[in-house]
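Visitor: Protein chains in written order, with our numbering: chain A, 4 to 261; chain B, 9 to 298; chain C, 11 to 346.
Worth flagging that the hints you see were computed from the coordinates, not collected in a lab. For each residue, glycine too, the CB sits at the ideal point set by N, CA and C. A hint or two may mislead.
[Stated by the list, open to error] Once the Cα atoms are required to be at most 25 Å apart in a straight line, the calculated BS3-like pairs of lysine-lysine come out as: (1) A/K135 with C/K29; (2) A/K88 with A/K10; (3) C/K29 with A/K157; (4) A/K135 with A/K95; (5) A/K88 with A/K208; (6) A/K95 with A/K220.
[Unchecked claim] Which bits of chain A does chain C cover? Going by a derived footprint, with three or more residues having C-beta under 8 Å, they are: (7) 72 to 86; (8) 89 to 103.
[Said to hold, decoys possible] Looking from chain C toward chain A, a few residues come up when the C-beta cut is under 7 Å (computed): (9) R169; (10) S173; (11) E221; (12) Y230.
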Amino acid sequence: MINTDQKILKANRLSKNYGAIQALNEVDFEVGSGELCGLIGPNGSGKTTFFDCCTGLVPLDSGMVMLEGQEITHWPLHRIAREGKVLRSFQKNVVFGSMTVEDNLTLAGQMHIFPNILSTFLHGLTTRNRLKSLQLRAAELLDLVGLSHMRSVKASELSVGQQKLLQFAAVLMPSPRLVLLDEPLAGVNPVMIENLSTSIQQANKEFGTGFVIIEHKIDVIMEICPRIVVFNIGRKIADGSPAEILRNQEVVEAYLGV
Amino acid sequence: MNDLIIQQIANGIIIGFAYAMASVGLTMIFGVLRAINFAHGEYFMCGAFASWAVIHYFQLPYIISIPVSIIISAGIAVIISRIVMEPLVDAPFSTAVLATLGVYLILQNTTRLLFGGTYKFFSGGWLEMLTIMGVTIIEQRMVLIIITVAIFLFLEWMIRRTRIGKAMRAVAQNHEACIIVGINIELVTRFTFCLGVLLAALAGVLMSPIIVTIYPTMGEGMTFKAFAITVIGGMGNVRGTFLSAIFIGIVECFVAGFLGLQFREAVGFVALIIVLMWRPYGLFTLKGRF
Amino acid sequence: MKLSQIFRSKTGNRHMQFKMGIISSMLFIASLLLLPLLGNKYHLHIAILSMIYIYPALGLNLIFGYTGMLSLAQGAFFGVGAYTTALLAIHYGWPFWLTFVSSGVFCAVISLLLAIPALRLRSYSFVMCTLGLVVIGEAVSKNWVSLTRGDMGISGVPRPVLSLWGPGFVVSQVVHYYYFVLMFAILGVFLFYWVVSSPAGRCMRAIRDEETLAESQGVYVWAYKLNIFALSAIYAGLGGSIYVLYMTIVSPLIFQMYHTLLFLIIVFAGGAGTVGGVVLGAFLFVAIPETLRITPDLRMIIYGLLFIFLAFRMPNGLGPFLVRIGESFFSSQPKR
């Protein structure tokens, strides 16, 4: 099937409830190639759940998710990840603490290079070549986020901000077409915010990677992203440029809780 | 045939009561500490041995040995709580496994060192026959039944109505919230642990006249049984533990009666594995913790 | 280099650690090869036991030290492996290498069957379930008398015969057994190192550190856990096989808690998640108690105290501690 669709990720009428709470209510969402899109909304509006459902971490109640024209609605998390096309980061500061920065990145990139589980158990020329290409990519990304000098440090010894940068670099390792960032700037000092914002924009420009960014720091997001989507109580209530969003009455009410 | 079945069920229920009292501490300490206590059965053994030692070395009557055994067990409980259990608050899972294994080794082998590894004959207990409603049982079993029922009613009341019970439930749910609200997690842990140890020791004392021979490694078997009982009943769930203990007691008696005594020890774990395959979260966890 | 600097230096130079590892391994193997010249039969016997126990210890190290799953099933597969080899050798007269491999294969099959439901369990239920396997193993070996001869056990397991053709060489003297088992130990450790230093080893550590993150990066966690569970069972089973080839008898006693506890202390005290630490631990915790000649009760009490001490003070075991000492020994420059 030839994919003439420009959209990388297409979510159709996604619904998910947790018992009495309707986390997602018939949400439609499309992201095109190379887009920088901000996803904002009050707490509990379903933003993270949306990421969870699109990437296979959490099963959907109803709806459909398409990745470059292929339906991935019921695919498990690792399978979607292995496609290497859409990846996500987490709100929590997660890194592989016992491994070095370099190893963290190698792992992030290796599952897309090794065709099956058995091949990961082997050593040998092919394996070594694959690992070499990963090292080059890792070096490139460490440069991008400014962590090159920390490459042999154990991830558990990094500061919180540095771990955030590491998570960011890790998610870019397989050169995905779209990255879902979940609150990448939370709990980070202003200098680091600058770093991350620059890195995001740079990655978008240099690698053509699209981003959907959940954030509460609305001023930063409005600056970086030409497109903003707003969620409220599990529904999408607005989708447009930052200027349009600011003028949208429903958005204002959602945030003010009127 | 029917009589035999009813007899086995009755036996099973009585044994189950003892198991319930011996196991409830394990489930409570798990609820509060999220730690598996590999040494739990040793407290059962300690209760039995303390009582035996009092009778054997000091020639005191059984009824005196009960409170003495409780006091000794309480002493052991407080020491272990300070050194091992309280430091386990918020510790990783494997730390608890290691540390409580250490306690298990120390308790079991100290008992061995002190009293020797051979079987001991337990001479105390109320062994007169009692006939109630046409059923004949030993007085000891009656005592066991009454005390167990009283204890569990007490636990129900304590957990639901008293401040300490609420504190236990709070600690089981959310440590951070407890700190904010001002609940002393270490104290609650100490209380829960000591209570559990005392109940296990009491079960040991009350069971000894029934099982007649005691030996230093009897705690191990009880630990294994307690594991099975608490996981089946739902970790942290006191009511669930009570019900699953009776279930295990009955199954054990049936297996011992119809298949042979030698299979008795494996019953707990076979039941555990079967239940876990069917319901990975235990049979009663739906009712929630405590 | 100051003592305090040894304790503080955490970041390792990987290249230097590798060289250090090679050198110390060579030295260690060399000294093992020379041991028969220096020690008597008793020393060799202790060393043989240590090298046998390396197998189940490595299995535990693999599943817990590297993958983060606490499984106590090593004791069960150790016993199953032993019984498998004993029965096949006695009833069918199979040569040692065939019974050895069969033990591994049989344990692999059983472990896979058990793992599929067991992996659904939460960590504490998983621990108890795996412990249950040991208890059940003991019950089966005691009660399936027609197969296992119950409490009497199986004796008279034929000694291994090394032959390419013709009658061959029967391994019967302690010295011969020593080199026989040493060969297996070296192979086992080498294979272990191969696995944990492969990309799969990285996946294992990722699963241990942050399972969901690993899965979100494409690691098929469930499949890896299955493989690791089987691999650790194979190691334990192979260890059991060598055990019975050496002892020539096996009984339900092989399922006792003593073995499970021994494997635990070797891995935890030796250094979960390291290779050298566990190897060293195997020798330390078999040899030292034997040579000290303390009563078993006192020995277990000391182990108990050791467990408690390690749990709180050195949860990573002695391994990393020794690595740091070695690093300070090998490097001339002060650490960053």
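Visitor: Counting residues of the stretch 89 to 103 of chain A that have a beta-carbon nearer than 8 Å to any beta-carbon of chain C, does the count reach 3?
Guide: holds (count 10)
Visitor: Hint check: A/K135 vs C/K29, CA-CA at most 25 Å. Holds or violated?
Guide: 21 Å, holds
Visitor: Is the hint on C/R169 kept, meaning its closest Cβ partner in chain A is under 7 Å away?
Guide: Constraint on C/R169 not satisfied, violated at 34 Å.
Visitor: What's the verdict on A/K88 and A/K208, does the C-alpha distance respect the 25 Å limit or exceed it?
Guide: 17 Å, holds
Visitor: Does C/E221 hold up as a contact with chain A if the rule is Cβ-Cβ below 7 Å?
Guide: 10 Å, violated
Visitor: Hinted pair, alpha-carbon criterion (25 Å max): A/K88, A/K10. Please report holds or violated.
Guide: 12 Å, holds
Visitor: Does A/K95 lie within 25 Å of A/K135 when you go C-alpha to C-alpha?
Guide: With a Cα-Cα distance of about 30 Å, the restraint between A/K135 and A/K95 is violated, given a limit of 25 Å.
Visitor: Can we keep the C/Y230 interface hint, with Cβ of chain A closer than 7 Å?
Guide: Holds: closest Cβ of chain A sits about 5 Å from C/Y230, inside 7 Å.
Visitor: Are C/K29 and A/K157 close enough, with their CA atoms no more than 25 Å apart?
Guide: The given pair, whose Cα atoms are some 20 Å apart, holds under the 25 Å limit.
Visitor: Do the numbers back the hint for C/S173, that is, is its least Cβ distance to chain A under 7 Å?
Guide: Because about 32 Å separates C/S173 from the closest Cβ in chain A, which is outside the 7 Å limit, the hint is violated.
Visitor: So if I understand the rule, the pair passes when the alpha-carbon distance is 25 Å or less; does A/K95 with A/K220 pass?
Guide: Within the cut-off at roughly 16 Å; holds.
Visitor: Given as covered by chain C, does the stretch 72 to 86 of chain A meet the bar of three residues or more with CB within less than 8 Å?
Guide: holds (count 5)
In this structure, the earlier hints numbered 4, 9, 10, 11 are contradicted, and the remaining ones agree with it.
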